[in-house]
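These protein sequence lines map, in sequence, to chains D and F. Letter 63 of the first sequence, counting from 1, is numbered 63 in my numbering, and no numbers are missing. Letter 207 of the second sequence, counting from 1, is numbered 207 in my numbering, and no numbers are missing.
Note that these hints are calculated values from the structure, not bench results. Treat the hints with caution; some may be incorrect.
As the list claims (entries may be wrong) - Taking lysine to any residue pairs in the SDA-like style, the calculated list, with each CA pair at most 20 Å apart, reads:
{"no.": "1", "chain 1": "D", "residue 1": "K108", "chain 2": "F", "residue 2": "L110"}
{"no.": "2", "chain 1": "F", "residue 1": "K105", "chain 2": "D", "residue 2": "R39"}
{"no.": "3", "chain 1": "D", "residue 1": "K108", "chain 2": "F", "residue 2": "G121"}
{"no.": "4", "chain 1": "F", "residue 1": "K154", "chain 2": "F", "residue 2": "E174"}
{"no.": "5", "chain 1": "D", "residue 1": "K108", "chain 2": "F", "residue 2": "K105"}
{"no.": "6", "chain 1": "F", "residue 1": "K105", "chain 2": "D", "residue 2": "S40"}
{"no.": "7", "chain 1": "D", "residue 1": "K108", "chain 2": "F", "residue 2": "R113"}
{"no.": "8", "chain 1": "F", "residue 1": "K105", "chain 2": "D", "residue 2": "S98"}
{"no.": "9", "chain 1": "F", "residue 1": "K154", "chain 2": "D", "residue 2": "A101"}
{"no.": "10", "chain 1": "F", "residue 1": "K105", "chain 2": "D", "residue 2": "T38"}
In this text, all values refer to a predicted model and were calculated from it rather than measured experimentally.
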Amino acid sequence: MFTAILPRTAVPRNSTLTRNLRIFFREARYEFIRLFRTRSFSLSVIGFPVIFYVFFALIMNRGQHIGTVSVAKYMLAGYAVFGMVGAALFGIGVGLSSELAAGWLELKRASPMPPVAYLLAKCCSAITFGIIIVSILTVLGITLGHVSITLPEYARMIGLTIVGVLPFACMGMALALFVPFSSAPGIANMIYLPMSFCGGLWIPIMFLPHFLQKLATLLPTYHLAQLMLSSFGYASASTMANHWFGLIGFTSIMLGIGAIALRRLEQNS
Amino acid sequence: MSAVLERAEASASQIATESIETVASLNTITKRYTNGVLALDNLSLTLRRGEIVALLGPNGAGKSTAIKLLMGLSSPTAGTVRIFGADPRHTAARLRTGVMLQVGKAPEMLRVREHIDLFRGYYPSPMPYPDIVKAAGLETIEERMFGQLSGGEKQRVLFALALAGDPDLIFLDEPTVGFDIEARRGMWAQIRSLAARGKTVLLTTHYLEEADALAHRIIVINKGRVVCAGTPAEVKSLGSTAPGTSTSGSLKIIRCTTVLPSPTLLAIPGVTSAKLTANLATLISTKPESTLRELLTLDQTLHSLEVQSPALEDAFLALTSDHE
Chain D
1 MFTAILPRTA
11 VPRNSTLTRN
21 LRIFFREARY
31 EFIRLFRTRS
41 FSLSVIGFPV
51 IFYVFFALIM
61 NRGQHIGTVS
71 VAKYMLAGYA
81 VFGMVGAALF
91 GIGVGLSSEL
101 AAGWLELKRA
111 SPMPPVAYLL
121 AKCCSAITFG
131 IIIVSILTVL
141 GITLGHVSIT
151 LPEYARMIGL
161 TIVGVLPFAC
171 MGMALALFVP
181 FSSAPGIANM
191 IYLPMSFCGG
201 LWIPIMFLPH
211 FLQKLATLLP
221 TYHLAQLMLS
231 SFGYASASTM
241 ANHWFGLIGF
251 TSIMLGIGAI
261 ALRRLEQNS
Chain F
1 MSAVLERAEA
11 SASQIATESI
21 ETVASLNTIT
31 KRYTNGVLAL
41 DNLSLTLRRG
51 EIVALLGPNG
61 AGKSTAIKLL
71 MGLSSPTAGT
81 VRIFGADPRH
91 TAARLRTGVM
101 LQVGKAPEML
111 RVREHIDLFR
121 GYYPSPMPYP
131 DIVKAAGLET
141 IEERMFGQLS
151 GGEKQRVLFA
161 LALAGDPDLI
171 FLDEPTVGFD
181 IEARRGMWAQ
191 IRSLAARGKT
201 VLLTTHYLEE
211 ADALAHRIIV
221 INKGRVVCAG
231 TPAEVKSLGS
241 TAPGTSTSGS
251 LKIIRCTTVL
261 PSPTLLAIPG
271 VTSAKLTANL
281 ATLISTKPES
291 TLRELLTLDQ
301 TLHSLEVQSP
311 ALEDAFLALT
321 SDHE
């Protein structure tokens with residue numbers, strides 16, 4: 001009847017931070033492992049850019065140049081972006097949508113997992129896939145396409161892959177919050193493929209019709225690809241600052257849509 | 001000197017009144033969704049340390065809403081929610097809770113061991129991994145991918161995730177759905193041992209037998225309000241009597257084949273209601289022993305006598321349909 005109440009020992013603040021970091025690393029590791037083991041995801045996210053690159057840059061258009069850059073090197077940038085955007089849209093966007101619809105996200109939210117760890121882990125997982133894709137494409141380009149890439153160029157590509165995940169992660173989250181899961185993969189594809197084509201990721205932008213070249217300035221894929229090309233010393237039609245502003249603007253719009261969708265979801269819960 | 005003694009006395013009496021600590025509470029909660037639906041209407045409930053509480057109610061009664069508020073997944077329109085004295089919407093408050101929900105799909109390409117490892121990491125002092133595996137009965141399936149498990153095995157993994165942090169307050173939503181008898185009894189034993197160790201368990205279930213067997217207290221809600229709360233025996237009594245009659249002590253249903261007419265049956269001491277179909281009489285009595293003594297004296301040819309406790313299902317249906 002008489003139960004002594006033992007006080008809970010206070011947990012010191014710095015160990016909370018260490019625990020959160022450990023939670024983040026564990027979350028990120030398992031998110032990547034899980035996606036990698038899901039063959040339908042990992043094989044297509046890595047496979048498609050690789051297959052397209054081999055076909056369009058290594059088999060066709062051999063020895064040709066665009067400006068000062070060989071086609072094989074030029075397309076490296078485009079397909080690196082293509083791969084990373086796919087990892088972000090499908091890994092983060094459709095993944096989040098699926099976990100939301102299944103009630104799994106609810107279970108995670110009911111646990112003491114910090115939501116930031118969950119979101120950052122998903123971003124890091126997409127980044128890792130992006131880096132894997134860039135690396136495979138680079139190796140293929142060097143071995144089969146006679147592409148010469150210096151270490152700083154490669155490092156710049158990796159750096160842009162890491163930073164470039166952010167706008168597409170935000171787009172993925174906005175998609176997951178806005179669109180019901182049944183239509184999410186379809187809509188993701190409807191966005192992914194046109195956005196890649198019209199951004200000049202497959203066919204270089206200067207070979208597309210004039211009105212599409214103008215439309216491209218609205219697309220984050222165009223801006224990111226141009227930034228990557230500039231790291232090869234390829235001069236773009238626009239300035240670097242413009243491309244960064246394009247990406248930042250797009251990210252802000254996606255964050256806005258996501259915030260509105262989130263508020264709508266929370267109000268209904 | 002006297003001031004110190006006064007303080008010691010005051011804290012001693014305080015400890016005595018708080019001897020059964022309130023672990024979680026919903027205080028006069030109103031929850032109205034943006035589409036106008038009133039899910040909870042001025043509802044209050046408390047959960048105390050070491051008890052198993054079953055939350056019952058028909059679909060749409062507000063059970064899920066109440067649980068979501070307690071888990072911090074939702075905010076009330078009015079009123080306060082507290083777990084361990086804190087707002088459950090803060091992550092820190094949930095360090096002492098564990099949750100088992102009905103989940104459509106969990107990540108299928110992670111092994112059972114990896115799922116548990118992930119959830120254990122959320123808590124500062126998690127339950128040791130071997131203990132979790134033993135409590136949830138996962139010894140043979142630790143290395144399997146979640147997607148390869150059967151329905152019952154998946155439920156057991158979700159139970160393990162609820163236990164991962166060695167929580168003091170556990171929410172179980174339909175914990176034994178899809179279980180066979182052996183697995184269900186095993187889960188019941190686990191839940192009882194949790195309560196025996198001073199943990200608090202709140203469970204929702206559609207298996208009323210489960211609520212009857214496990215719960216120290218049952219709370220029945222309907223249309224966002226608490227309709228009835230008490231021990232299983234009390235709830236069964238309340239549901240079996242006609243509204244307006246007072247109930248105290250045990251209530252029993254007496255069935256027999258008798259030649260006695262209805263008015264005689266109703267006049268027997270302790271009888272609150274009597275139904276007679278052909279010669280088959282069904283009596284409800286608040287003083288079953290007195291009723292039986294009188295009944296057997298009055299009718300020497302009485303046979304096929306059955307004395308039963310009221311079923312929780314009947315009580316539940318009566319309680320939740322009266323308020324249409």
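Structure-based check of each hint:
| no. | hint | result |
| --- | --- | --- |
| 1 | D:K108 x F:L110 | holds, 15 Å |
| 2 | F:K105 x D:R39 | holds, 18 Å |
| 3 | D:K108 x F:G121 | holds, 12 Å |
| 4 | F:K154 x F:E174 | holds, 13 Å |
| 5 | D:K108 x F:K105 | holds, 13 Å |
| 6 | F:K105 x D:S40 | holds, 17 Å |
| 7 | D:K108 x F:R113 | holds, 17 Å |
| 8 | F:K105 x D:S98 | holds, 8 Å |
| 9 | F:K154 x D:A101 | holds, 18 Å |
| 10 | F:K105 x D:T38 | holds, 14 Å |
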